[in-house]
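Here are the chains, one letter per residue:
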Amino acid sequence: MSVLPYVVAAWLFGVGLYGIATSRNFIHLVGCLGVCQSATYVLLLGLGYRWGSIAPIFYDHPPGTPAVDPVMQALVLTDIVVGATLTALLLVLTVQAYKRGGSLDPEKLRPMRAGGNKGPDQGSRPVSDGGRQTP
Amino acid sequence: MTALLPLPVAIPLVVCAVLLATAHLLPGRVPDILALLAAVAVAILCAVIAVQAADRPLVYWFGGWEPHDGVYLGIGFSVDAASGWIASFIGLLYALTFVFAWGFFDRTHGHFHILMLLFLAAMVGFCFTRDMFNLFVWFEVMSVAAFALTAYHLAESSLAGAINFTVVNSLAGFLMLGGIGLIYAQTGTLDFDGIATAVAQGGRNPVVAGAFCLVAAALMIKGAIVPFQFWLADAHAVAPSPVSVIFSGSMVSLGLFGLAKVSAVVFGGSDQVQGALPVLLIGLGSATALLGGWMALLQRHLKRMLAFSTISHAGIMLTGLGALSIGGTGGMLVYVVGHGLVKGALFMIAGILLATQASIDEIALRGLGRGIWPAGIAMALAGLLLCGLPIGTLDQGTRLVQGALSQEGHGMALAATAIGAALTGAAVLRAAGRIFLGLGPDPGDEAGAPSADEREKANRPLWLMLAPCCALLAVDLALPAGPIAHALPRAVSAFMHRPEGGMLAEGPGWLPWFSVAAALAGAGYGLFRKRLPAFVVRPVRATQSAPTRALEILHSGLIGDYAAWLAVGVAVIAAVLAMA
Amino acid sequence: MSPRIRVALLALSGLILLPCAASVIAGLPAFGSTIARYGARINAITPEARHVANMVSAINFDLRGLDTLGEEFMLLAAITGTVVLLRGRRGEGNSERAMRRPGRAVIPRSEATVLACRIAGPLTGLFGLYVVVHATVTPGGGFQGGVILASGTLLIYLGEGYSGWRDAIHSRVLDALEGGGALLFALCGLVPMLTGAAFMQNILPLGTFRDLFSGGLMLVENLGVALAVTGGFTQLFLEFMEETREAEEPDEPGEESA
Chain A
6 MSVLPYVVAA
16 WLFGVGLYGI
26 ATSRNFIHLV
36 GCLGVCQSAT
46 YVLLLGLGYR
56 WGSIAPIFYD
66 HPPGTPAVDP
76 VMQALVLTDI
86 VVGATLTALL
96 LVLTVQAYKR
106 GGSLDPEKLR
116 PMRAGGNKGP
126 DQGSRPVSDG
136 GRQTP
Chain B
1217 MTALLPLPVA
1227 IPLVVCAVLL
1237 ATAHLLPGRV
1247 PDILALLAAV
1257 AVAILCAVIA
1267 VQAADRPLVY
1277 WFGGWEPHDG
1287 VYLGIGFSVD
1297 AASGWIASFI
1307 GLLYALTFVF
1317 AWGFFDRTHG
1327 HFHILMLLFL
1337 AAMVGFCFTR
1347 DMFNLFVWFE
1357 VMSVAAFALT
1367 AYHLAESSLA
1377 GAINFTVVNS
1387 LAGFLMLGGI
1397 GLIYAQTGTL
1407 DFDGIATAVA
1417 QGGRNPVVAG
1427 AFCLVAAALM
1437 IKGAIVPFQF
1447 WLADAHAVAP
1457 SPVSVIFSGS
1467 MVSLGLFGLA
1477 KVSAVVFGGS
1487 DQVQGALPVL
1497 LIGLGSATAL
1507 LGGWMALLQR
1517 HLKRMLAFST
1527 ISHAGIMLTG
1537 LGALSIGGTG
1547 GMLVYVVGHG
1557 LVKGALFMIA
1567 GILLATQASI
1577 DEIALRGLGR
1587 GIWPAGIAMA
1597 LAGLLLCGLP
1607 IGTLDQGTRL
1617 VQGALSQEGH
1627 GMALAATAIG
1637 AALTGAAVLR
1647 AAGRIFLGLG
1657 PDPGDEAGAP
1667 SADEREKANR
1677 PLWLMLAPCC
1687 ALLAVDLALP
1697 AGPIAHALPR
1707 AVSAFMHRPE
1717 GGMLAEGPGW
1727 LPWFSVAAAL
1737 AGAGYGLFRK
1747 RLPAFVVRPV
1757 RATQSAPTRA
1767 LEILHSGLIG
1777 DYAAWLAVGV
1787 AVIAAVLAMA
Chain C
82 MSPRIRVALL
92 ALSGLILLPC
102 AASVIAGLPA
112 FGSTIARYGA
122 RINAITPEAR
132 HVANMVSAIN
142 FDLRGLDTLG
152 EEFMLLAAIT
162 GTVVLLRGRR
172 GEGNSERAMR
182 RPGRAVIPRS
192 EATVLACRIA
202 GPLTGLFGLY
212 VVVHATVTPG
222 GGFQGGVILA
232 SGTLLIYLGE
242 GYSGWRDAIH
252 SRVLDALEGG
262 GALLFALCGL
272 VPMLTGAAFM
282 QNILPLGTFR
292 DLFSGGLMLV
302 ENLGVALAVT
312 GGFTQLFLEF
322 MEETREAEEP
332 DEPGEESA
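Chains as they are written, first to last, in the working numbering: chain A, 6 to 140; chain B, 1217 to 1796; chain C, 82 to 339.
Take the hints with a grain of salt, since some may be wrong.
Said to hold, decoys possible - Sample of chain A residues with no beta-carbon within 12 Å of chain C, all distances over it, derived:
id: 1; residue: Ala14
id: 2; residue: Gly39
id: 3; residue: Ser108
id: 4; residue: Lys113
To be verified - Under 7 Å between C-beta atoms, here's a sample of chain A residues computed to sit facing chain C:
id: 5; residue: Val20
id: 6; residue: Asp74
id: 7; residue: Thr83
id: 8; residue: Tyr103
id: 9; residue: Gly106
Hint data in this document are derived by calculation from the structure and do not stem from the laboratory. Glycine included, each C-beta is placed from N, C-alpha and C at the ideal position.
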């Protein structure tokens, strides 16, 4: 079972991506993104682990006791902050999108669609209609 | 002199901490002034550092943790001349953007400036660092600042664009972190040189290839390379124009800059990676150049058009990297600067139109630009430079990239760079003709393209917005080609950690003229379609419409689609690596 | 693209990636067998070099302090972005009026809730401070402690109601905390440079191993992080809390409402 953590990490990323690809709700989507990110936690902590080691804090154990890799733990701590910031920002965007669009469905809220909100269009309409009829 | 190295990162950070702490006390224009000063200071400091680094790269160890017994203990900055000049260019771009946005964000208590300065500090850190995880940290700071800036307008389309941008780029961050974890487990260090040594000794190793696959995918997502390019058009089209200047001018190309550094320095010793790179970069780069150019030609929303043009130019930069030569990478670095200057100027013109004419739609704006004709001249000049008019820095970069491609025998990529540039130039020139000369009364396929109503605050005089735009173009034209060509081989060999060697080749002299001619023809076709004989128009229209519809369907704006394409892209990179 | 095509694309790329991932996993060192040279070296030298017991803090605040500086400012960017995007501070003028959903009864707070919050609030604050100051000795630090302190402020909302929470929490103070903390951290990098040392070099006396006062400059940096995180997260709560209230006037989209 010495590969289980890595397999779990790959699996988590895969299901998270599947969730994002099929999501019909932005809040669900933010959760899926969190699942993808947990894959990185599992991978990093798994890579830094060593059997029979203590946490890298030499308070109860004297320095020199075998400890797990502290670098990976520090990286994961940074990663957690990244996760917190991303979640906060995405939820803000979701809140605002819901206020404007009235929906949390990615299929309904889309960036700039063809034939959607065209804006002031006086310039093109009369001329292009006239142009089509002349020949 | 190495003591200067942390300052270009630290100064903007200190300024934005001060701005935040005193947000409510500062009177009106102080954030503008402080931000401008900080950006100018960064530009000057980076230029000084770049000059100092001309002979050999400067190295700085944070916290005084110098490597000991071959173990890299702390984080280092390592600045070669090329990285220094790129950072200096970024500082200049920010300074001019702050001038352009003078007073635009005056009701945000300096929050806009805080985000922009963080963005700047992160970019400089990204250029300077020699530590994989530190690279990731700056990558994420860039992303987070960018996400917030994108959605500033809070319109439905800008929110959707920002969400797509955030999700795709967050996934890029996770991929990168996964890759960093793998390479760290394999080599036991995070320092570029330390990893490079271990990779070179290790021989063919699936973990190294896997790590490269993940890191490269992340940087290509940032660099908007096919099939990761979808987020860019959504995000750049909706961001406020000063932000788009930074996005297109520097953020996208920095992704590719990072890719250049990582693939040449960190993974330079892996034969598997180096064997896969030409196929991967040339193939994806050519596809990106063509797709971006074609899509640009089909747009009517100016910022969206420019966004697709950025995709196309990112593809051209990637082909330069794919030549894997000093000339190709050097050309790409020059191209980054030239493209940033010209594209920045174009986004500023888009901002001018938004502010003065209250629209960004090419067809709605037809003829409305006559009153601000100086902007029209600038736009036409920028369009010509974009498609390859043989003067200025962008042209120098183009020639070097094309020279490296023809030297390595990549004929298809050479054609793709010329055609991609021509297509984007055609799009910009057509828009310039329509807006400022009132030409082209009958739109073609672009009439069906997505567009949105948008306006930006018209609180700035025209000259204030036009001055930074013209300054960017002037810098592009005025940067001396001779000294650049002279210093380039040495700078690039230091950048790539590779021995100097060989002359820099230039591409065939007629190729830029071909691009210009093709762009003019394309723009002319778009504007005068009705006056052309039917036997010209009909076949063009017939061949245009089907692929056009297909491409528009692909760029659906659905985040689910983008996630699927992201998986496809990673799979493509992995497959190429596995076969190398 | 229809969802079915999308899933098919995903499955296809999954099929390609599966053998690649398998070969990468097979090539990795077996789980739990060894740790990297870098980490082992840090475990070996840092207790003596910096007199700290917590290796993770030593990495975050000393060896790789630049990463934490970047991380700190990333948080600052996210919170500034949140304030910008939620068009913050709408509620400064009318902090009395919490959101009322029409048709839903307003149930008064029970005294038990108030009492529980008044007891738990100070305890949470104390615990947060404890976690903050013991960064170099035990698993703790400015980030974790700052988040605990910030969550403690939510107990004010729970116990004293919306107006009590708004009376206690002012976004200007939070801005100052956040910016001041980040500034303190950045200055911890710059001030050593004035003495000729490197950026963020630990020039303060290192203190005693396993003592509260150990690690020198790390303690100051840790304090900066704690301030910034407390201010930042409270600001975040405040902004999201404002979202639950009805706006006085509808938000105009676009820059006019900025």
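* Numbers of the earlier hints that this structure fails to satisfy, in rising order -> 1, 5, 8, 9
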